[in-house]
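*Asks:* Each chain is listed here by its residues.
2 protein chains.
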Amino acid sequence: MEDDNTIFIGKKPVMNYVLAVVTQFNNGSNDVLIKARGKAISRAVDVAEIVRRRYIRDATIKDVRLNTETLKGEGGRDVNVSSIEIQISRQAPQVEIT
Amino acid sequence: MEDDNTIFIGKKPVMNYVLAVVTQFNNGSNDVLIKARGKAISRAVDVAEIVRRRYIRDATIKDVRLNTETLKGEGGRDVNVSSIEIQISRQAPQVEIT
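Taken in order, these protein sequences are the chains called A and B. At position 96 of the first sequence the residue is numbered 96 (our numbering), and the sequence of numbers has no breaks. At position 33 of the second sequence the residue is numbered 33 (our numbering), and the sequence of numbers has no breaks.
So here's chain A without its partners, still in its complex pose (with noise of 0.2 Å):
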C-alpha cells in the first residue's frame, strides 16, 4: 500500500478524518490505512466504523494491527505509547470480460 493512502489521526474532530478517508477511496483507492497513537486510539476506531456504516457501505475492516511505539519524551526519556493501524478495504470493481 502507498503512504498516500495513509491517514493520521490527530486532535481534529472525527468527522474531518472521516472526510479525509472518504476522499482517498472516491479517488479510487481500494485500501485506505487509519494510523493512531495513544489517546487518539478510540477516535481511530469511530473513523473507521462511520466511514465503513455511513459512507462506504461495501468497505470492510480487513486488519487491525496493535503495537508499541517508543518515542523521546521530555528530557530525553524514552516513553512507550500504544499504536493502531486499521485497514480499510473496499472490493475493487469487477471488470466484465463478455
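Be careful, since some hints might not be right.
Copies of the same chain are indistinguishable here, so a pair counts whether it falls within one copy or spans any two.
In silico DMTMM-like cross-links for lysine to aspartate or glutamate, where the CA-CA straight-line distance does not exceed 20 Å [to be verified]:
(1) K11 / E85
(2) K35 / E85
(3) K11 / D31
(4) K62 / E85
(5) K39 / E74
(6) K62 / D78
(7) K62 / E74
(8) K39 / E85
(9) K11 / D63
(10) K11 / D58
Worth flagging that the hints you see were computed from the coordinates, not collected in a lab.
Starting from the known structure of chain A, arrange chain B on it as the hints suggest.
*Replies:* Relative to the frame of chain A, chain B by itself:
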C-alpha cells in the same frame, strides 16, 4: 470462550486491568477477551500491549474486532458508540506423549 475470560475496560488505572488479565492467564486460561467502548478503547489497547510485552511473553493478539453499539442516551435518544474486542491468546502447553 466463556464469559469468565472477558475483562471489561472502564475508567480505572491501566494496571488494574493488566493485573486482571494476567490473573486470568495465571489461573490457566489460554484466551482472554478484552472489551471496551468509547474513550476506554485506547486504554484497552494499552492493557493488551502491556500484558503481552511485559507479563505474558508467549501471548499474542489473535484477533481485534471493531464494532458500533447503539446505547440509550439521555432523554431516550440513541447514541452510537464504537467498541473494540481484543482477543489475547497463549499457546496451550504441549503435552508430550512418550
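*Asks:* For K35 vs E85, is the C-alpha pair at or below 20 Å within one copy, between two copies, both, or neither?
*Replies:* Cα proximity of K35 and E85: in one copy and across copies (5 Å, 18 Å).
*Asks:* For the identical chains here, do K62 and D78 meet the 20 Å Cα criterion within one copy, between copies, both, or neither?
*Replies:* Answer is neither: 32 Å inside a copy and 28 Å across each miss the 20 Å cutoff.
*Asks:* Classify it for me, K39 with E74: is the Cα-Cα distance of at most 20 Å met within a copy, between copies, both or neither?
*Replies:* Within one copy, since 18 Å is at most 20 Å while 25 Å is not.
*Asks:* Using 20 Å as the alpha-carbon threshold, which applies to K62 and E74: within, between, both, or neither?
*Replies:* neither (36 Å within a copy, 34 Å between copies)
*Asks:* Is the C-alpha distance from K11 to D58 at most 20 Å within one copy, between copies, in both cases, or in neither?
*Replies:* neither (27 Å within a copy, 34 Å between copies)
*Asks:* For K11 and D63, with the copy left unspecified, which applies at a CA distance of at most 20 Å: within, between, both, or neither?
*Replies:* neither (23 Å within a copy, 27 Å between copies)
*Asks:* At most 20 Å between alpha carbons: which applies to K62 and E85, within, between, both or neither?
*Replies:* both (11 Å within a copy, 15 Å between copies)
*Asks:* At most 20 Å between C-alpha atoms: does K11 with D31 qualify within a copy, between copies, both, or neither?
*Replies:* Neither: 23 Å inside a chain and 34 Å across chains, both beyond 20 Å.
*Asks:* When no copy is named, should K11 and E85 be tagged within, between, both, or neither for a Cα gap of at most 20 Å?
*Replies:* within (17 Å within a copy, 24 Å between copies)
*Asks:* One pair to classify: K39 and E85, alpha carbons no more than 20 Å apart. Within, between, both, or neither?
*Replies:* both (14 Å within a copy, 17 Å between copies)
Hint check: violations occur at hints 3, 6, 7, 9, 10; the rest are consistent with the structure.
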